[in-house]
Structure formats: C-alpha cells, structure tokens
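Protein chains: 2
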Amino acid sequence: MIDIRDRVRNQALQAKIVSAEEAAAFIKPDMNIGVSGFTPAGYPKAVPLALAKRMETEPFSVNLWTGASVGKELDGALAKVGGIKRRMPYQSNKDLRAGINGGKIEYCDLHLSESAQFARYGFMGGKIDVAIVEVCAITEEGHLIPTTSMGNTASYVQSADVVIVEVNTTQPLELEGMHDVYVPLDPPHRLPIPVVKVNDRIGTTYIPCGVDKIKYIVPCDIPDDVRPFAPLDENSHRMSEHILKFFKDEIKAGRMPKNLLPLQSGVGNVANAVISGFVDSDFTDLEVYTEVIQDGMFDLADAGKLKFASGTSFSPSPDGLRRFYENIKDYRQKMMLRPQEIANSPEVARRIGIIAMNTAIEFDIYGNVNSTHIMGSKMMNGIGGSGDFARNAYLTCFFSTSTAKDGAISAIVPMCSHVDHTEHDTDIFVTEIGLADVRGLSPRERARKIINNCAHPDYRPMLLDYLERAEKATKQAHTPHIINEALSWHSRFMETGTMKK
Amino acid sequence: MIDIRDRVRNQALQAKIVSAEEAAAFIKPDMNIGVSGFTPAGYPKAVPLALAKRMETEPFSVNLWTGASVGKELDGALAKVGGIKRRMPYQSNKDLRAGINGGKIEYCDLHLSESAQFARYGFMGGKIDVAIVEVCAITEEGHLIPTTSMGNTASYVQSADVVIVEVNTTQPLELEGMHDVYVPLDPPHRLPIPVVKVNDRIGTTYIPCGVDKIKYIVPCDIPDDVRPFAPLDENSHRMSEHILKFFKDEIKAGRMPKNLLPLQSGVGNVANAVISGFVDSDFTDLEVYTEVIQDGMFDLADAGKLKFASGTSFSPSPDGLRRFYENIKDYRQKMMLRPQEIANSPEVARRIGIIAMNTAIEFDIYGNVNSTHIMGSKMMNGIGGSGDFARNAYLTCFFSTSTAKDGAISAIVPMCSHVDHTEHDTDIFVTEIGLADVRGLSPRERARKIINNCAHPDYRPMLLDYLERAEKATKQAHTPHIINEALSWHSRFMETGTMKK
Numbered sequence: 001m002i003d004i005r006d007r008v009r010n011q012a013l014q015a016k017i018v019s020a021e022e023a024a025a026f027i028k029p030d031m032n033i034g035v036s037g038f039t040p041a042g043y044p045k046a047v048p049l050a051l052a053k054r055m056e057t058e059p060f061s062v063n064l065w066t067g068a069s070v071g072k073e074l075d076g077a078l079a080k081v082g083g084i085k086r087r088m089p090y091q092s093n094k095d096l097r098a099g100i101n102g103g104k105i106e107y108c109d110l111h112l113s114e115s116a117q118f119a120r121y122g123f124m125g126g127k128i129d130v131a132i133v134e135v136c137a138i139t140e141e142g143h144l145i146p147t148t149s150m151g152n153t154a155s156y157v158q159s160a161d162v163v164i165v166e167v168n169t170t171q172p173l174e175l176e177g178m179h180d181v182y183v184p185l186d187p188p189h190r191l192p193i194p195v196v197k198v199n200d201r202i203g204t205t206y207i208p209c210g211v212d213k214i215k216y217i218v219p220c221d222i223p224d225d226v227r228p229f230a231p232l233d234e235n236s237h238r239m240s241e242h243i244l245k246f247f248k249d250e251i252k253a254g255r256m257p258k259n260l261l262p263l264q265s266g267v268g269n270v271a272n273a274v275i276s277g278f279v280d281s282d283f284t285d286l287e288v289y290t291e292v293i294q295d296g297m298f299d300l301a302d303a304g305k306l307k308f309a310s311g312t313s314f315s316p317s318p319d320g321l322r323r324f325y326e327n328i329k330d331y332r333q334k335m336m337l338r339p340q341e342i343a344n345s346p347e348v349a350r351r352i353g354i355i356a357m358n359t360a361i362e363f364d365i366y367g368n369v370n371s372t373h374i375m376g377s378k379m380m381n382g383i384g385g386s387g388d389f390a391r392n393a394y395l396t397c398f399f400s401t402s403t404a405k406d407g408a409i410s411a412i413v414p415m416c417s418h419v420d421h422t423e424h425d426t427d428i429f430v431t432e433i434g435l436a437d438v439r440g441l442s443p444r445e446r447a448r449k450i451i452n453n454c455a456h457p458d459y460r461p462m463l464l465d466y467l468e469r470a471e472k473a474t475k476q477a478h479t480p481h482i483i484n485e486a487l488s489w490h491s492r493f494m495e496t497g498t499m500k501k
Numbered sequence: 001m002i003d004i005r006d007r008v009r010n011q012a013l014q015a016k017i018v019s020a021e022e023a024a025a026f027i028k029p030d031m032n033i034g035v036s037g038f039t040p041a042g043y044p045k046a047v048p049l050a051l052a053k054r055m056e057t058e059p060f061s062v063n064l065w066t067g068a069s070v071g072k073e074l075d076g077a078l079a080k081v082g083g084i085k086r087r088m089p090y091q092s093n094k095d096l097r098a099g100i101n102g103g104k105i106e107y108c109d110l111h112l113s114e115s116a117q118f119a120r121y122g123f124m125g126g127k128i129d130v131a132i133v134e135v136c137a138i139t140e141e142g143h144l145i146p147t148t149s150m151g152n153t154a155s156y157v158q159s160a161d162v163v164i165v166e167v168n169t170t171q172p173l174e175l176e177g178m179h180d181v182y183v184p185l186d187p188p189h190r191l192p193i194p195v196v197k198v199n200d201r202i203g204t205t206y207i208p209c210g211v212d213k214i215k216y217i218v219p220c221d222i223p224d225d226v227r228p229f230a231p232l233d234e235n236s237h238r239m240s241e242h243i244l245k246f247f248k249d250e251i252k253a254g255r256m257p258k259n260l261l262p263l264q265s266g267v268g269n270v271a272n273a274v275i276s277g278f279v280d281s282d283f284t285d286l287e288v289y290t291e292v293i294q295d296g297m298f299d300l301a302d303a304g305k306l307k308f309a310s311g312t313s314f315s316p317s318p319d320g321l322r323r324f325y326e327n328i329k330d331y332r333q334k335m336m337l338r339p340q341e342i343a344n345s346p347e348v349a350r351r352i353g354i355i356a357m358n359t360a361i362e363f364d365i366y367g368n369v370n371s372t373h374i375m376g377s378k379m380m381n382g383i384g385g386s387g388d389f390a391r392n393a394y395l396t397c398f399f400s401t402s403t404a405k406d407g408a409i410s411a412i413v414p415m416c417s418h419v420d421h422t423e424h425d426t427d428i429f430v431t432e433i434g435l436a437d438v439r440g441l442s443p444r445e446r447a448r449k450i451i452n453n454c455a456h457p458d459y460r461p462m463l464l465d466y467l468e469r470a471e472k473a474t475k476q477a478h479t480p481h482i483i484n485e486a487l488s489w490h491s492r493f494m495e496t497g498t499m500k501k
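So the sequence lines, in the order shown, correspond to chains A and B.
Quick note, the first sequence lines up with residues 1 to 501 if you use the UniProt record's numbering.
Quick note, the second sequence lines up with residues 1 to 501 if you use the UniProt record's numbering.
Do not take every clue at face value.
Remember, identical chains collapse to one label, so a pair may be satisfied in a single copy or spanning two.
[Unchecked claim] Straight-line Cα separation of at most 25 Å, BS3-like style, residue types lysine-lysine; simulated pairs:
no.: 1; residue 1: Lys-127; residue 2: Lys-258
no.: 2; residue 1: Lys-501; residue 2: Lys-472
no.: 3; residue 1: Lys-28; residue 2: Lys-80
no.: 4; residue 1: Lys-104; residue 2: Lys-80
no.: 5; residue 1: Lys-475; residue 2: Lys-500
no.: 6; residue 1: Lys-475; residue 2: Lys-104
no.: 7; residue 1: Lys-104; residue 2: Lys-334
no.: 8; residue 1: Lys-85; residue 2: Lys-501
no.: 9; residue 1: Lys-305; residue 2: Lys-472
no.: 10; residue 1: Lys-215; residue 2: Lys-248
no.: 11; residue 1: Lys-258; residue 2: Lys-307
no.: 12; residue 1: Lys-104; residue 2: Lys-28
no.: 13; residue 1: Lys-475; residue 2: Lys-94
no.: 14; residue 1: Lys-449; residue 2: Lys-500
Simulated from the structure, these hints should not be mistaken for lab results.
Bound-form chain A, shown alone (with noise of 0.2 Å):
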C-alpha cells in the first residue's frame, strides 16, 4: 500500500486507513452515493474500481450524485458492470451514456447549479448515504483539502453522516490553498453570496469534515483521466475571430469595458480554442468566472494577459496537466477553484455581468438551442452549466460549426429537436460562417439574421424557403413555422443520411 501518512496530518485518523476493498465492502445496494470530482478532475477511483469489481460476483447498483462527468474509474467501471441505479448530473462516459440511452440507467439532468441543493433538499429521494471523496490531503481538524476539483463535495460531506476519503499521492500538495469553500444555507436561511469580483474569497481553503465522519482513508496513486483537444482546427479559428471582433466593436460602441466583463466558456475543443484566440489578442487584463480551467486558460496566464480565472475544476489535456502542476506556484496566484453552486451561481453571473460561451449541439432559425439530445432522443452529455450561465449572462453566445457529419447534418434547422436553452435567453450565435447578433429583435428578424450570417452556403436557400413558406403560411404567427415540416430535417436525415433534400 502506498504511504499516505505524512497527508493524513492527524495521527489518531491514521488508524482509520484501510484498503479501496475493505472501503467499498461498506457500500449497500441502492446507497445514495455523492462523489467528488468535475469533469474527469478530483474524483475518487480506487473505492470506485474495488466496488465496482466487488459488483462483478454480487451485482448490486447504488445512485451515484457526482459534480458532473467524472473519469473511466468511477462512471465507466461502474456503469460497465450495471451499478449505477440512478445518476446526476452531467456526463461523458461512453459506457454511462450507453446505459442512459438503453433506458437502464435513471438519468436525472440537473443544472449544475442546482444539483448541490436538489439533493440538500431531498428532493433526489432520500439523503445522502455516504460520500466519497478525492483529497491532497487532511488536517489535524480532519477537514479535507480537495485536489483538482470543487464540484459538489463540500456539499456532499456536509449532508453525509459517513466519508470515504480517497487521499491521491498523485496530487500535489500545491493544490492547498487554491481552493474556496463556501456552503450556502438552505431556504430561508439563505445570505447574499457575497462574491463581487472573480477573486473574492468568501469561505475557507478546507472542507469542513471532522474526525468523526470519516469512516475510512484509503490510499490512491491513479491520476486524474485527462483527455487531449483536438488541435485548433480552421472553423474554430475562424469562430474565435468572428467573436474576438464582435467584442472590439461592443467595446467601441461603449457597450463593454475595455477588458471585458469575466468570461466563461463551456467544456470541449471550441470552447479552448476560444479561449486561447484571446492569447493573440490585444485583449488585457481578462477576468474568467467559469465551471472547466483547461489549457486555453493557461495560455492566456502564460502570455501574462490573465487578471484571474475562478472556475470549479482544472480539467486539462495530459500536456496540459503537466504544466499545471509544473508552474502550480505561478497559476496559485491567479486561480481559484469554488463550489459549483458558487462558480455557476445565477447569482453572482447576473451580478458580475459573464460573458457565456457554450456549444450547441444545433440551434434553429429563431435562436433555441439544443445541447443535449442528438435528432431530439439521444442524449450526448447533459446540460451542465451552460443553463446557469446562458440564462444570467450579461451577453449569452452560442458556437457551432455550421455542419457536421461531413455536411450532412446543418447545425441550424427549422426547429429544434429538443430545446435546452429558449430565445428568451440567446444573445449571439457563432459558427465559422459569421455572428449574428440577435438582440432586441423579434422571431421573425433573428431568422433572417441567423440564416444569413451563421447557415453554411449549402443549407442556406433550403432554411429561408422554410422561413418564407412559414409566413405565408400562417396568417398570424409571431414565429411562423409549418408544424408538420417543422422537424422534418431531422426526419429525413434520420431515413436518408442527410438532412440535404
């Protein structure tokens, strides 16, 4: 076993070590089980591996509550072996998502915001049987200082009467102090949040736990599951063009401050190439509140162009990892990580004025988003924050390439096929063809806007005559759509390949 003696700082606890097998003897069927980790950052893995291989000979499932996607470990050794009952929230295994959409695993698709307090509330069915938790390491108190991830933790350990503590070796000691936490009361108890500015620190650098409520410590040497970015592609690029200039000139027109307003920008490959179009910018001074610090960030705090970037996990690539942990000493300066309900509070977005850049899966010509559901039943991932943020922003963008699937596919349809986030809430759309600016205007514009600055060429003529026929069509209609046409791209892509006629 490896020695974790010198991270378990009180001696009497160091009595409580035990093997990830003897740890996840403890789990019953059908626990509610909150975990640490956010994006595959800070979750536990070997109480998870054992269980999981402990589920092979006596097969049981629990409900597992995580931050959001966590590593192969946790969702994917679990999943694979039918032990997950119940889930939530956010996702990104391949072997979870199988289960979600074979209807064998209860999906429950919270806004990330939202999913601390919903299972406070009880509103999950039940409490919290125990939590299991990834630390660097524990103090004399027995409160624990997390790794690369906030997420729900401090929520789950407050709730849990009994806690599993995974202390990672992996982890560097670094990490202590980059952390804020800060629990809120519940209704109608709750304070003001009281963070003004990205780096206002409002709670403490350690989770409050105790001696008492730690059941178990088990020793761990997996490293978080980092997985690479695409490279910067030419359609990112050019998407971060498009919006690089679309802020210089709201920055002209006295709409922004010169160095913006805090951003935050979604998980995934757009969202870092984004990020990083910043690092070639004339842009200064850039404040980030957001959910996933990757590597985009650490350009940016290497070009010397970052103020500071408060988010609730570090979720880089392997490279990215790596020099992370190599110049910790420098990011510590500028980074911190929050509770989700903090990092994506609706709060502190509208109060702070973010900037939201999130992916779309595909939105439609009156400006509804869909970033879940693939042809409106497939689920992809989840929502995550992008509800929290899209809704509260100061300036709500949504990215897409124009097409996928080799252009089969139009990222832009007539409607769409399931909607996440309405027209009530979207500001901005991107795709590599152009920006269209959607505010103040009525269905009717932001069709037009929207089909002429962001369709791809191919699909253009194909939505403005849906639009056209929809108007006359309809004789009074404030969004005009003809009902039974309305999904029809999908249809057709669905039985043909293609969404192209």
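Dock chain B against the given chain A, drawing on the hints supplied.
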C-alpha cells in the same frame, strides 16, 4: 383641466403642467419610449391617448418599452393606429397581439427580470429617449411617487434625459410609502441585492428623478383598466386541492416549513384560484414574493393568513381594486411594490426559496413547458416572469386544465410545439385530474407519471401508446421520440379541429 396642483408639491414645477396633447407633441418618430405600468396597472393613459390621436392624422411609429402588459389606452390605442414599431416585453392587448402575430410589430419577448437591464445595457438598439410615467404625486425635490405598479419605471426614469409625468388623480395618495425603489448598478459594479426576507426594505419610497428632468406634467383622471377574473370553477378548485395536499405532504416529509416558503403565482384566473384555495386551508403566516398582487392575496390578508406580500403591481379585478382602495390603510402594512428587476430577481428567488406557480399553455410528457405560443406559431402574451421564477424557485409548479377547446386540445402532448421552460426546470405538474411530482426522475419515468397523473382519460391511452412506440422505435434514447410524429397532434388539430384520432 383637472386640478393637480396639490399633488405637485414643488411650486416651480407647476409651471410645467400642460395638456396631454401638448406633451404628446414632444414625441418624434422612432423614439425609444419607456413607460410605467405592469399588467393594466399604473401605466400612463392621457398622453398615449393624445399621441394615438395625433398619429391618426400624422402616421408614425415609436419603440415602446414597458414593464409588462399595459391597458388599452396605451398598447391598444397605439397599436390600432400602427404607432408601435418595436415592443418589449410582455403584452396582453388584443390589438397589439394582432399586430405582433401579423408581422407588423417587432416584439421582443424578454424575461421580465432582464428587461430593464437589457435596455440600460443598450441592447434594445440605442438609449431611451423619453420616459412617460404615471404618478400619485411629485415631491418637493421632483421625485416621483408611483401608483399601482413599479415595473421598470425607476430604471427608465434613471436612464432618460426627459421625463413626462402623468399625475393620476384616481390613484389614492395612500399609495405613498408602499413602494421600495432600488435600481442595481450595472456590471462590473453591481453589488448583492440585499433582500433576504420578503418584507426587507432596501430602497426609497419614491423614484429619484429631480425637477430638471421633468419636461411636462399632465393631469389624468382615467382609472386603471383592470379586468374581472373568471368565477372560480370546478377545475381550478380541483387544481388548488391537489397542490394544497401536496404541500401538506411536503411539510410532513420535512421538506418545507409549516408556513411554506414565499409563494409566487402568475397572472390570471388559475393562479388567482390557487391562491384563493389557501383562504379555507389551515395554512397561516403565508409570505408572498411575486409579480402581481391580485384579489386572492386580498382574500388571504382579510382571512388573517397573510404575513406579507411583495409584488411589482396591484392587478386586481374591478371589485378587487375597489376593495384595495377601501382597505388601503390596512393593506399598506402587509404589502409592498418593488421594481420588477427585484421582484423577479433570480438572485432573490433562489435565495429566499420561492414556490413558483405558473400557468402553461401546454406541457409535454417529458416535462417541457410552452407558455407562449399557440400551436407553435401564434404568440399569446409572452413569457413574462415565469422563466425568472421557474429556473430559480425552490419548487417549480406548472398548472393547466388537462384539455382545452371542449376537449379538442390536450394540454399534455408528445412534444411541445414551443418550449419556454425546459425539462431541467420543472418539478410539479398539476391539472384538474391530478398532480405529477417529477423531481429526480429520468425522462421515461417523468413521462409515465405525467401521463398517468395529469392527462385527461380521453388522451391518456394515446399518450401511453406514443411513449411505448417511441421506446420501441429508438434504440438509443434518453428521451424517446418518433421525430416525424412528435408534433402530429398539433398538425391533426389544425387539420381536423381536434387532437383526437
């Protein structure tokens, strides 16, 4: 002319008293005009009527920014003469609606909490040119005492260089002191909104204006164009019973305090009926944090069950308005009007833990809600504040009778023809048939609960049949849909006059 000199407390200002025609002559084509008013309460009447008259012979149009719907003397009169070019946000006037659905008026349907800041940020296309505001009185300092609504008035007055004030002598002076005026700073300077309890006072009792900004003062003696509610019918009564029983069960389960949490209820008959249901219940010390204070709230107050009600407008029936004026000295102790930016604030809604109760046009088996569009195309009124509350409430409830048009329309459909509130936002559905609690459930589970508990027996087998066939037709589906059949119920209604097969 009516004598309003006793209500214009600054003697020098009395020189600015002019006729409505003279004030209306100030308005130029394409001006951005911000007005007081929220629901048919507290909106200017004399100047808009004079402006509409002027437009009859001198056709031009303006951009009209309100708080929400306003009365026929404003929305109606201007729409009838083609005087509105662009309009935001919520509306309910039939002539305005016809213009919007006819593609003649560009309507921007914003969340009510966002509309003031959207205008301040310059997102509506330029700044405000003139504010036209109904008041009870003008103070020595030139500050404005609002009447029966707060809406966006304070923000519009703050942003405008020129203010035209209508002093309405039908509005009682006892309204003075019932308002709490607070306009947040804009990012990056905004601070926490310090409302922690529903009755917290955080601002002034008047709208800061000053004598210099006031261009004209116009007398008016036209009362608010309030409208009667439908009598409480059997269906409303049943919905009220379902939700009250549910609340009692939540209290038993320890998920709600004995006096519940602050109630929000939408505009209109059903919401009013639900609130009225509390009058004969055992609940006491109820708190209300909502948009409109309607007759049901007066019933609650008279029954001694209301601790405090905070809203942004008084929008009762004609009888209710009479009752309000008669009992204003009592009601003043227990009621307060705030700007809609505060009344509908996501920050405050989530903090104090609102119970949101709003009406749906239709909802689908997976829990998405259409609040705005008839058959996907035709605008009814607008999203209003439902999104502000639904996204941030402690508990989000939607109400609808299970059918409309004598049973020809099912309010529960396979897929909504327009989505205003997504599956991620909804907790409780109520029809006269029953209540579906979908918290923590996956889409397939939600569907069965909604169909079995809420759908009309005439449509229940059809909905179950759709769900089961969709589950079979899709191999990988979190939210099973037969995409070319999902909107077929709407098509069928438009073709045959009924959703029934």
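(message) At most 25 Å between CA atoms: does that hold for Lys-305 and Lys-472 within a copy, between copies, both, or neither?
(response) neither (51 Å within a copy, 53 Å between copies)
(request) Please work out whether the CA atoms of Lys-28 and Lys-80 approach to 25 Å or closer within one copy, between two copies, in both situations, or in neither? (result) The answer is within: 18 Å in one copy meets 25 Å, while 69 Å across copies does not.
(message) At most 25 Å between alpha carbons: which applies to Lys-85 and Lys-501, within, between, both or neither?
(response) neither (42 Å within a copy, 37 Å between copies)
(message) Treating 25 Å as the Cα threshold, decide for Lys-104 and Lys-334: within, between, both or neither.
(response) neither (43 Å within a copy, 52 Å between copies)
(message) Please sort Lys-104 with Lys-80 into within, between, both or neither, judging by C-alpha distance up to 25 Å.
(response) The answer is within: 11 Å in one copy meets 25 Å, while 57 Å across copies does not.
(message) I want to check one pair: Lys-104 and Lys-28. Are their C-alpha atoms no more than 25 Å apart within a copy, between two copies, both, or neither?
(response) Answer is within; shortest intra-copy Cα gap is 19 Å, inter-copy 63 Å.
(message) Within a copy, between copies, both or neither: which one fits Lys-475 and Lys-500 at a CA-CA cutoff of 25 Å?
(response) between (28 Å within a copy, 24 Å between copies)
(message) With identical chains, the pair Lys-475 and Lys-94 could be close in the same copy or across copies; at 25 Å between alpha carbons, which is it: within, between, both, or neither?
(response) between (46 Å within a copy, 15 Å between copies)
(request) With 25 Å as the alpha-carbon cut-off, assign the pair Lys-215 and Lys-248 to within, between, both or neither. (result) neither (55 Å within a copy, 37 Å between copies)
(message) When Cα atoms must be at most 25 Å apart, do Lys-501 and Lys-472 count as within-copy, between-copy, both, or neither?
(response) within (21 Å within a copy, 27 Å between copies)
(request) Could you figure out if Lys-258 and Lys-307 sit no more than 25 Å apart (CA to CA) within one copy, between two copies, both or neither? (result) Result: close within a single copy only, 13 Å intra versus 47 Å inter.
(request) Can you give me the call for Lys-449 and Lys-500, within, between, both or neither, at a CA distance of at most 25 Å? (result) within (21 Å within a copy, 38 Å between copies)
Comparing the model with each numbered hint stated earlier shows that hints 7, 8, 9, 10 do not hold.
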